[in-house]
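Student: Sequence:
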Amino acid sequence: MTLLVLALLVALAAGLLPPRREMRWVAATRGGARVGASTPDEASDVADAAAALGLLAAVLRGGGGPVESLEAVASVDPGPAGRELAVVAAAHRWGVPAELAWQHVGPGWSAAAAAWHAAHAAGAAPAALLEEAARRMLDVESRRVEAAVQRAGVLLVLPLGLCFLPGFVATTVAPVVLLLLGEGAR
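The sequence shown stops at residue 186 when you use my numbering, and every number in between is there.
Hints should not be assumed to be uniformly reliable.
[Claimed, not checked] Label pairs and their calculated CB-CB ranges:
hint, residue 1, residue 2, range
1, 166, 78, 16 to 22 Å
2, 78, 165, 49 to 55 Å
3, 181, 148, 44 to 50 Å
4, 136, 67, 22 to 28 Å
5, 140, 181, 55 to 61 Å
6, 159, 58, 45 to 51 Å
7, 158, 62, 49 to 55 Å
In case anyone wonders, no lab produced these hints; they're calculated from the structure.
Heads up, the beta-carbon is just placed ideally off N, CA and C, and yes, glycines get one too.
With the sequences and hints as input, model every part of the structure.
Tutor: Dropping the structure here:
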């Protein structure tokens, strides 16, 4: 009986857990050499990307040109975010249009790509839009983490409830039912 309950709990938990999301990493090749984003293990996380965007906005506000600013931030950030910004800067140097340059990095940079493209298309300075994109990236990530924590809470309570339910029934409901059945027979 215990093995059956355990198997039911495992099957229930396996059915309730969300499938693992696979992240797509866009990479472009030029002459067989990889130019695109780093692998998922080497990709920048949202906090690093947002910090790099804040730094990029500061360099742009300081008077740096768009490509020069990308290269400057890439040179001082040794992590994955710096490498991905170096890829975007290199794409700009190769003459890739602004809307396509950001496709060579991971999908986590989509807010930055939209801000960069909007500023480039409007002929405006991208600093304010990049700061807003960094804030949006952090907001989206915090909502995603909060939802995951809430989902984990539900997934933890269900098996615990199923474990304690038989004990509750055996210690409280069954004696009352037996007592009522015994009084009804008299």
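Student: The structure should be examined with respect to each hint, and the outcome stated for every one.
Tutor: So, going through the hints one by one against the coordinates:
1. 166 - 78: 16 to 22 Å: With Cβ atoms ~56 Å apart, the hint is violated.
2. 78 - 165: 49 to 55 Å: The hinted range 49 to 55 Å holds for residue 78 and residue 165, with Cβ atoms some 53 Å apart.
3. 181 - 148: 44 to 50 Å: Since residue 181 and residue 148 have Cβ atoms about 47 Å apart, the given range 44 to 50 Å holds.
4. 136 - 67: 22 to 28 Å: holds (23 Å)
5. 140 - 181: 55 to 61 Å: Since the Cβ atoms of residue 140 and residue 181 sit about 58 Å apart, the hinted range of 55 to 61 Å holds.
6. 159 - 58: 45 to 51 Å: holds (48 Å)
7. 158 - 62: 49 to 55 Å: holds (53 Å)
Checked against the numbered hints listed earlier, the structure breaks hint 1 alone; every other hint is satisfied.
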